[in-house]
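As you go down the protein sequences, you meet chains A and B in turn. Just so we're aligned, residue 1 is where the first sequence starts under this note's numbering, counting upward by one. Just so we're aligned, residue 358 is where the second sequence starts under this note's numbering, counting upward by one.
Think of the hints as simulated: they come from the structure by calculation, not from any bench. There's no promise every hint is true.
[To be verified] Straight-line alpha carbon distances no greater than 35 Å define the calculated DSBU-like cross-link-like pairs of lysine-lysine that follow:
# : chain 1 : residue 1 : chain 2 : residue 2
1 : A       : K74       : A       : K86
2 : B       : K395      : A       : K86
3 : A       : K336      : B       : K469
4 : B       : K442      : A       : K336
5 : A       : K52       : B       : K384
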Amino acid sequence: MSVDLLYDWLNESIPFLSGNSLLLLLAIVIPAILLFLVIAVNAIVLVYAERKVSAFMQDRVGPMGQGVGLHAGKWGMLQTVADALKLISKEDIIPRLADRKLFIMAPFVIFVGAFIAVIALPFGETLIVADMNIGIFYILAVSSFGVIGLILAGWSSNNKWSLYGGMRSAAQIISYEIPAGLSLVTVIMLTGTLSMQGIIQYQSGGLFDWIVFSSPFSFIAFIIYFIAAIAETNRTPFDIPEAESELVGGFHTEYSGMRWSFFFLSEYANMLVVNGVAVAAFLGGWQSPIPGYLNSPGWGVFWFISKILVLVFVMMWVRWTFPRLRVDQLMDICWKYLLPIALFNIFGVGIWTLIFG
Amino acid sequence: MYRDFGTILIAALLGIVMVGVPLLIQKLIAPSKKSFEKFDTYECGEEAEGNAWLQFNIRFYVIALIFLIFDVEVVFLFPWAVVFKELGLLAFVEMGIFLVILIVGLAYVWVKTDLDWVKLKVPYGSGRYRKIKLEEKA
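In isolation and in its complexed conformation, chain B is listed as follows (with noise of 0.2 Å):
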């Protein structure tokens, strides 16, 4: 136990020496030749406009909400898996309960339509938003 997760350091470490040696000869072996426009930031070669560290579209924080609670249920399903067979029928009854109760909740996210990368109706918009007048799905 002790020694596989020990094997599992000692290759992480030797990852990084792996990484490390290539770009140390890489430094070695290179040329060298700076210019200020050398290290622009690439925008297909016009002048970078502005910083890029800017706000991004927020359906990314609701996927990565999705997908933790999803994959805690991952998680509880791998040590389920493992007796499912030794406990056979009563294994499965509660592991349908703990299931369906998930599908309940993915059903929800579905209706809510969060799981729509283009929101195209507000269906709980409220307050200013639910005067916004949003086509609807095709």
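Pulled out of the complex, with its shape left as it was, chain A reads as follows (with noise of 0.2 Å):
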């Protein structure tokens, strides 16, 4: 446990303070700040792979940064911190019509809940800020916690597309947590556990101990999860809320400047809290796929990224291959499918444990 450690860490090379409780705000202080820096870095990084990445696939090059008298970096790579510049010193507009708090509170909400999310994340063994005994289904529950601040900034903005990308998402999210959440449950029955870090422990071992391969059923469970994942997030195809095409801009239509690139940021960081519970409950979390092969901290952290990193990779590449569904479409897929398996899941990793272990 980060804080803990760190905690320790600073009561004995600070010995003036020691046991004051200051330090132990400071060693809540240090790691959040951090893991701000990964969400911004990782909105950075992600947005501009995601252009990229698109572009690839579509035949193009994608931002190269070349206007004239700009210069964003070889390939554009520095293409994202502009748009963050740019963001930055935009004006800041909010619409005469609109419910001034609520709007202003909405950005706040969702940052907030996409934040809270992020600190249980286990990095590492023991790099994980809060590693609570109910870590995933805390994960859980405020990964839900944004959907207020949908709401509020759908309907404050007073906005008929606002509302309607609001709702829409709203309903979309909730819908889709229930499939996520039975997903989740199979896993638990099999690891006992509500612990993030308990969880990544029962995988330990090799590829072939990582839960998504310990039953016919767990992978089942795995595919809900990830569908879910993808509806959670707002991605195409189920990008309904914030269609372009029908909507303008969904929910955030009325935001500009670093009120609009709050709700980018925390969209990304949701990303990275879906896909991180994904590899810590399917894939092993920090564990090397090769049993007793680089498996020390420093590598436990690079697993851990790029699962996440190939995860989001394969959001991008269903992303750029399927069309959008429809509103009834959407809804038929979590309530007509995807609950439906996933429930039956439940016997199914049920039968499978008292018959095989």
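Starting from the two chains in their separate frames, assemble the complex, guided by the hints.
Printed below as a string of structure tokens:
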């Protein structure tokens, strides 16, 4: 648990303050700021990757950063940094008819919801800010916190596009939470613990000790979870809430500048969270795929992040492969396909565990 | 335990600061040239027609209600899943009964077409709705 470790270390290195609760605060603030940097860098890298991946999939070159008098680095690598600078220097506009208080509140709610989910992600054996005994349940609970922000944004903008976008995304996210939750239940049936680290330790060993390969039912659970994760992050083919060609920008139509960028930041932070949970619950977390090799703490961070990035790449791949679903198809897939399959999957895992393990 | 949730509380407060500080920086460095049109509601360049705080589809409420039922179910499943391996067959049968009841509920909602986003038929239409002739689902 990194807060405790850091607290002990601070106690030793700053003796005149030892035992002070100020140090405990410091031990929480330092990792939290580091995580904020992780979220920011994650968004900057992923936006760039998204643009490049989509470009290569469509036989384009993507951002190259060579405008007149501008140069955004080789292969446009500084493009998203330039975008971030542009966003912070944009005029802040709150529409006259909007509900000012709620309008200002919405990005806070969304970002805090994403941020307190990220602090429970296990980046390594000791690299976890809040190592709770109910970790996975906690992440599942707070990741739906953002829905409140989406509805606030959609409602307070006093814009029809925003209202439709907000309502649609709320309906979509809460619907897809259920298959996601049910497929995580199968993981907990196997591991018998709700702690993220406990779940990862259960999967120690090699590739074939990972839960995704432990039984055919867990594999189905992983697929269901991944589909639900794509839907929960509002990405194509489930991007009805912000379908550009129908709803302009969905719930963030009226937002601009920094306020808008926090929606984006939390969207990519949410991608980190859902894929982090997928990696921890099904793909062995920070464990190396080869038993006994490359298993040091440093490699743990590498494995965790690279597994997340592989899943993110699959998400981008899906995005540029499948067309958008209609609202009714979206709800059908959740309630009529994923939910019954996930329910019977629990029976499957139960019987499998009673017979084989 | 207290420390875990204290960490979360402090992280949530820090999250608010992390949103607030960039907004403050923006306020300091961004230009501000106010004009009346700039603060209009965006409606694809047209003048905004009426207020957006209007009635919307009742379907969203139905979805929220069904969600509530199944979310509570998931919450019940989590503690059961933790002790499942220790209790074995007994726990499995008990949760099986619980799940079957819920599956019957899902089937009921399904048959009543409350899972369809677009209702093309009203099988339990009553009163003045009985006479409404709706096309069958293709």
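Structure versus earlier hints - violations, ascending order:
none
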